[in-house]
Every structure is written in C-alpha cells, then in structure tokens.
Amino acid sequence: MEIFAQPFWVPKAGNAAAEYEDAFWPPKRLRTRKAQLRLAVADGATETSYSGLWAKQLVEAFGYGRVRPETLCKDLAPLQERWREEVHGKALPWYTEENLRSGTFASFLGLTFSARSPNDHHGAWQALAVGDCCVAQVRGNVVLASFPLGAAADFNNRPCLLSSDPATNGAIENHLRTLEGTWATDDTFFLMTDALAHWFYQETEQGERPWNTLRDLDTTDEPKPFPEWIADLRGKGAIKNDDVTLFRADLH
Amino acid sequence: MAYNAEISRANPSCFVFLIDQSGSMADARGGGASSRNKAQGLSDILNNLLRNLILRCAKEEGVRDYYQIGVLGYGQTVGPALGGSLAGRQLVPLSEIATSPVRLDEREKEDGVGGLVKIKFPIWVDPIANGGTPMCQAFAQAQTILEGWLTQHASSFPPIVINITDGEATDGDPSSAADSLRRLSTNDGEVLVFNIHLSSHHATPIEFPNSEAGLPDQFAQLLFRMSSHLPPHMCAAAQQEGYRLQEGARGFVFNADMVAVIKALEIGTRPSNLR
Chain A
1 MEIFAQPFWV
11 PKAGNAAAEY
21 EDAFWPPKRL
31 RTRKAQLRLA
41 VADGATETSY
51 SGLWAKQLVE
61 AFGYGRVRPE
71 TLCKDLAPLQ
81 ERWREEVHGK
91 ALPWYTEENL
101 RSGTFASFLG
111 LTFSARSPND
121 HHGAWQALAV
131 GDCCVAQVRG
141 NVVLASFPLG
151 AAADFNNRPC
161 LLSSDPATNG
171 AIENHLRTLE
181 GTWATDDTFF
191 LMTDALAHWF
201 YQETEQGERP
211 WNTLRDLDTT
221 DEPKPFPEWI
231 ADLRGKGAIK
241 NDDVTLFRAD
251 LH
Chain B
1 MAYNAEISRA
11 NPSCFVFLID
21 QSGSMADARG
31 GGASSRNKAQ
41 GLSDILNNLL
51 RNLILRCAKE
61 EGVRDYYQIG
71 VLGYGQTVGP
81 ALGGSLAGRQ
91 LVPLSEIATS
101 PVRLDEREKE
111 DGVGGLVKIK
121 FPIWVDPIAN
131 GGTPMCQAFA
141 QAQTILEGWL
151 TQHASSFPPI
161 VINITDGEAT
171 DGDPSSAADS
181 LRRLSTNDGE
191 VLVFNIHLSS
201 HHATPIEFPN
211 SEAGLPDQFA
221 QLLFRMSSHL
231 PPHMCAAAQQ
241 EGYRLQEGAR
251 GFVFNADMVA
261 VIKALEIGTR
271 PSNLR
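Note that the protein sequences, when read in sequence, are chains A and B.
Here the first sequence is numbered in the numbering used here, starting from 1 and rising by one per residue.
Here the second sequence is numbered in the numbering used here, starting from 1 and rising by one per residue.
No lab work stands behind these hints, which were simulated from the structure alone.
Some hints could be false.
To be verified - Simulated pairs of lysine-lysine, BS3-like, Cα-Cα distance not exceeding 30 Å:
{"hint": "1", "chain 1": "B", "residue 1": "K109", "chain 2": "A", "residue 2": "K90"}
{"hint": "2", "chain 1": "A", "residue 1": "K56", "chain 2": "B", "residue 2": "K59"}
{"hint": "3", "chain 1": "A", "residue 1": "K240", "chain 2": "B", "residue 2": "K263"}
{"hint": "4", "chain 1": "B", "residue 1": "K59", "chain 2": "A", "residue 2": "K236"}
{"hint": "5", "chain 1": "A", "residue 1": "K28", "chain 2": "B", "residue 2": "K109"}
{"hint": "6", "chain 1": "B", "residue 1": "K118", "chain 2": "B", "residue 2": "K263"}
{"hint": "7", "chain 1": "A", "residue 1": "K28", "chain 2": "A", "residue 2": "K74"}
{"hint": "8", "chain 1": "B", "residue 1": "K120", "chain 2": "B", "residue 2": "K59"}
{"hint": "9", "chain 1": "A", "residue 1": "K28", "chain 2": "B", "residue 2": "K120"}
{"hint": "10", "chain 1": "A", "residue 1": "K236", "chain 2": "A", "residue 2": "K224"}
{"hint": "11", "chain 1": "B", "residue 1": "K59", "chain 2": "A", "residue 2": "K90"}
{"hint": "12", "chain 1": "A", "residue 1": "K224", "chain 2": "A", "residue 2": "K28"}
{"hint": "13", "chain 1": "A", "residue 1": "K90", "chain 2": "B", "residue 2": "K118"}
{"hint": "14", "chain 1": "B", "residue 1": "K118", "chain 2": "B", "residue 2": "K59"}
{"hint": "15", "chain 1": "A", "residue 1": "K236", "chain 2": "B", "residue 2": "K120"}
Since the structure is predicted, the reported quantities are computational estimates derived from the model, not experimental observations.
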C-alpha cells in the first residue's frame with residue numbers, strides 16, 4: 001500500500017494562525033509504503049477554551065493507535081487527564097475558570113488504511129467519527145463513500161462532540177459512528193473539517209465534481225494556492241468562514 | 001432583512017440594555033420569585049445575561065470583542081449605569097466588561113445531576129429603586145448612542161436593545177420611541193428591540209408569545225407591541241433550547257429571563273452536549 005497524503009489548512013478569516021483550532025495527523029505530508037496507516041482530522045469547538053489543544057491531542061493519540069472505537073471512553077481517559085493537567089495548572093480569570101468547568105469539545109474523524117502487505121494494491125479501511133468532520137472516498141469520478149454525514153443538509157451548528165470532560169461525554173457512544181470499506185489503487189480520500197465538507201457535498205449535489213479541484217491542489221494544475229482559493233470561496237459566500245482543513249490521501 | 005451577518009472582532013455587534021431603576025422596582029416580584037423584589041430580579045437577569053455573553057466569547061487568550069455593550073439606567077436619572085471603573089461609559093467592548101465587574105460573587109447553581117455547584121457570578125450592576133420611570137428618555141438616549149455606532153458599523157449584525165422593566169413608564173407612551181429605535185438599521189437588518197417584563201402579578205412566566213391576547217395586563221401588552229419579531233434563526237435556536245414558539249413570536253418575556261436570545265446568536269460551533 002503506497003500512500004501519498006498531504007494536509008492543507010487555513011484559519012478562519014480575521015483570526016491569526018495561532019487561533020487555528022483544527023488539527024490533523026500526521027502533522028506533515030508523507031509518501032510511504034506500509035501495511036497500515038492512520039490519518040485523522042479534528043475541529044475544536046469555537047465556543048470553548050483550549051479546544052485546539054484538545055483537537056491536537058485527539059488526532060495524535062489516534063495516529064499512535066491509542067483511540068479505538070470499541071474502547072473509546074476508556075481510551076479517552078488518559079487524554080482527558082492530560083488536557084486537564086495542561087490547562088488547570090495556570091492562573092485563570094473567572095470566565096476561563098467557568099468555561100473549563102464543562103471541559104472543551106472537538107469534532108473528530110479518524111481513518112485507518114490496511115493491507116495484507118506493504119506491496120498490496122488493495123485493502124480495507126475503517127473510519128470512526130464523532131461530530132461533523134467528514135471523509136469522502138472517490139474513485140475516478142464516483143463518490144464511493146461519504147461519512148459520517150451524507151448530505152449538505154445534515155450539517156448544523158450544534159453537533160454532538162467529543163468532550164474533555166468524562167461527565168459531558170456520558171452518551172457519546174450513541175453519537176460514535178463507524179464505517180468500513182475497501183480501497184483500490186488510484187482511490188483518493190478527502191478528510192475534511194465541516195466547512196469544506198459542507199462545500200464538497202453541496203457541489204456534488206449540484207452535479208459538480210469538487211474532487212477534481214481538491215486533487216489539483218499543490219500540483220501544476222492548481223488554479224490557486226489553498227489559502228487563496230478558500231478566500232475566494234469565502235468571498236463568494238460559497239463556504240462558511242471557519243477554520244478549514246483538508247487531508248488528501250492518494251492510494252496506489 | 002437577513003440577520004445573517006457574521007459576528008466577528010472585525011465586524012462586531014452591539015447590545016444596549018435599558019434597565020428600570022424606578023421606585024416601583026422595590027415592589028415584590030411575581031411569578032414564583034417573590035422572595036426577591038423586582039430591582040433584585042432585574043440585576044440578577046442583567047448580570048446573568050452579561051455573564052452568558054462573556055462565557056460564549058471567552059477563549060484561552062481572553063474574551064473576544066464580538067460585541068460592544070451599553071447599559072443605561074432610568075429612574076432618578078437617565079444615563080450609563082455600569083459601576084466601578086466602567087462608570088459613565090456609554091459603550092464598552094465586551095473584553096473590558098469581562099475584566100471589570102464591580103465584584104465577583106459566588107452562587108450555587110444546579111449541576112444537572114441533582115446537586116448544586118458553586119459558580120463565579122460577577123456583579124456589574126446592583127439593585128436600585130428610586131424615582132420615576134422615564135422610559136421614553138431611555139429609549140431616546142439609546143437611539144442617540146446607536147445612531148453613532150451605526151455610522152461605524154454599517155454591515156454589522158444589527159444591535160439588540162433589551163429593555164428590562166415593570167412597564168409603568170411615567171414620561172409618556174414609549175411606543176413611538178421604541179418604533180423609532182426599531183427603524184434604525186444596518187445593511188443586515190433593523191435594530192432588534194426586546195422587552196423583559198418583571199411584574200408583581202403572580203402569573204405564570206410567558207416567553208416569546210406571538211399575540212398579546214393572553215398577557216396579564218396593559219403594561220405587558222404595551223411592551224409586547226414594542227418588541228421586534230424574533231428573526232427566523234433566533235426562533236430556530238430558541239426551539240432547539242426547548243421553547244415552543246409560534247409563527248410571529250416576539251422578543252418579549254414576562255417574569256422570565258432571556259438567555260435564549262444570547263444562545264441564539266451564532267458566533268461558531270456550539271456543542272449540543274454543552275448546556
């Protein structure tokens with residue numbers, strides 16, 4: 001299984017790069033031949049504090065195989081402890097102290113590719129998600145899978161998210177979604193945080209082929225670099241102004 | 001009118017609270033909260049609204065200035081009513097409000113699982129009950145402040161004016177002053193005027209009605225007529241919070257709070273598992 005995976009990201013317009021609260025794993029692009037590989041994206045919730053830190057911890061833990069769907073709550077416990085240690089050691093103003101009482105939140109999507117050997121040209125994938133980060137599997141011009149949301153109308157501003165507070169995560173297993181499938185040479189997987197995923201679904205529903213634009217990013221066919229392209233979409237009102245993250249994975 | 005402008009630090013919105021500090025606010029409050037008088041009820045509601053606004057805009061680096069805040073009192077006098085280091089200021093960025101309460105109290109709040117938890121409860125305005133009820137003057141002063149603000153923020157989400165009162169104006173009928181305020185606008189919509197009626201009537205709280213038919217007295221009916229219709233996204237958000245709203249619901253509550261309005265303002269993703 002040969003994978004070329006590349007992240008693209010841009011903060012919300014008006015925000016500094018340091019205020020970007022999405023996260024992705026692995027932290028940089030890679031070209032590798034392996035029998036198993038994990039990719040992840042997460043989106044820290046705007047209305048909570050230290051959500052970017054939580055999103056980073058989630059994708060990293062998934063990348064190292066420490067977050068599994070069958071043991072999700074148990075696997076989150078050490079991460080929740082680590083997050084608490086990092087944020088509660090500081091002298092905090094009243095509003096941060098109050099906000100941290102209910103923890104922080106992030107939407108999360110993890111994707112695992114596997115093959116029987118590093119040289120195989122087909123294999124399996126397994127995805128797990130909580131919230132509205134999405135993945136689309138595209139072969140040629142056919143969308144084989146869209147997960148966990150299936151249509152632009154499925155997005156809203158009140159998703160159930162993974163919390164850093166075990167008490168708030170009580171019913172999270174009801175919101176955990178998993179899906180399995182198979183991959184073959186030349187498939188492309190697009191892992192997207194909600195703003196871009198919503199655009200992708202909307203374009204697809206209108207008969208467009210948004211995957212072609214995403215495939216061209218950072219190639220000689222690229223119309224514009226990712227941040228400028230997103231700025232254009234925002235300017236046209238075609239995409240919500242939010243942090244935007246894309247992880248594109250080409251399999252061979 | 002769209003009411004869909006993005007609320008951001010570059011394009012902030014504005015809240016102006018008009019608070020009744022007249023002598024009649026010393027009377028007991030109805031609706032099951034009679035152990036505290038109306039002036040105490042008002043300061044609880046206002047301090048809680050400000051607290052909620054701040055918590056929604058707080059990030060690890062501080063409170064983001066998505067809003068500017070004005071608090072005008074009307075009673076013995078009409079004018080800015082914030083205390084401490086904010087005294088005399090007409091409009092204050094939200095981050096300054098957050099760092100400048102008069103004091104920080106602790107209160108108990110239900111923890112959602114049958115117990116109580118102590119929370120930090122900042123106080124910006126203490127109860128005052130003195131003098132007449134010059135509500136028309138208060139609306140006129142809000143109009144002057146917002147006319148200035150609107151020249152600088154023509155594309156912003158429109159200002160929201162929340163008037164908290166027992167409804168008994170002593171300087172005339174405030175309807176035309178409220179109408180005039182509602183006619184101010186940004187490119188995104190007209191100024192929203194909402195009213196919170198604190199009454200001595202022991203009537204059941206009423207939230208966001210669409211008709212004055214069931215309201216308990218003429219003051220409630222007047223305040224209802226002075227209130228803007230809730231924009232569709234606010235109706236939808238209030239419904240998500242469990243309110244049963246009918247078509248034509250207005251920004252009026254009787255012996256109740258208005259935290260639902262704060263929760264309805266969209267500044268980003270709000271987890272459904274965060275209450």
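Now for the hints, and whether the structure bears them out:
Taking the CA atoms of K109 (chain B) and K90 (chain A), the gap is about 25 Å. The hint holds against a cut of 30 Å. Straight-line distance between C-alpha atoms of K56 (chain A) and K59 (chain B) comes to about 16 Å, which keeps the hinted pair within the 30 Å bound. Simply put, K240 (chain A) and K263 (chain B) have alpha-carbon atoms about 19 Å apart, close enough for the 30 Å limit, and the pair holds. Our distance criterion of 30 Å between C-alpha atoms is met by K59 (chain B) and K236 (chain A), whose separation comes to about 29 Å.
Taking the CA atoms of K28 (chain A) and K109 (chain B), the gap is about 45 Å. The hint is violated against a cut of 30 Å. At roughly 22 Å between alpha-carbon atoms, K118 (chain B) and K263 (chain B) fall within 30 Å of each other, so this suggested pair holds. Taking the CA atoms of K28 (chain A) and K74 (chain A), the gap is about 28 Å. The hint holds against a cut of 30 Å. Straight-line distance between C-alpha atoms of K120 (chain B) and K59 (chain B) comes to about 17 Å, which keeps the hinted pair within the 30 Å bound.
Straight-line distance between C-alpha atoms of K28 (chain A) and K120 (chain B) comes to about 42 Å, which puts the hinted pair past the 30 Å bound. A C-alpha spacing of about 15 Å is found between K236 (chain A) and K224 (chain A), which places the hinted pair at or below 30 Å, so the restraint holds. With a C-alpha separation of about 14 Å, the suggested pair K59 (chain B) and K90 (chain A) falls inside the 30 Å cut-off, and the hint holds. In summary, the hint linking K224 (chain A) to K28 (chain A) is supported, as the alpha carbons are separated by about 20 Å, within the 30 Å threshold.
Simply put, K90 (chain A) and K118 (chain B) have alpha-carbon atoms about 20 Å apart, close enough for the 30 Å limit, and the pair holds. About 21 Å separates the Cα atoms of K118 (chain B) and K59 (chain B), which keeps this hinted pair within 30 Å; it holds. Distance hint between K236 (chain A) and K120 (chain B) is unfulfilled; the C-alpha atoms sit about 43 Å from each other, more than 30 Å.
Violated hints, listed in ascending order, are 5, 9, 15; each of the other numbered hints is respected by the structure.
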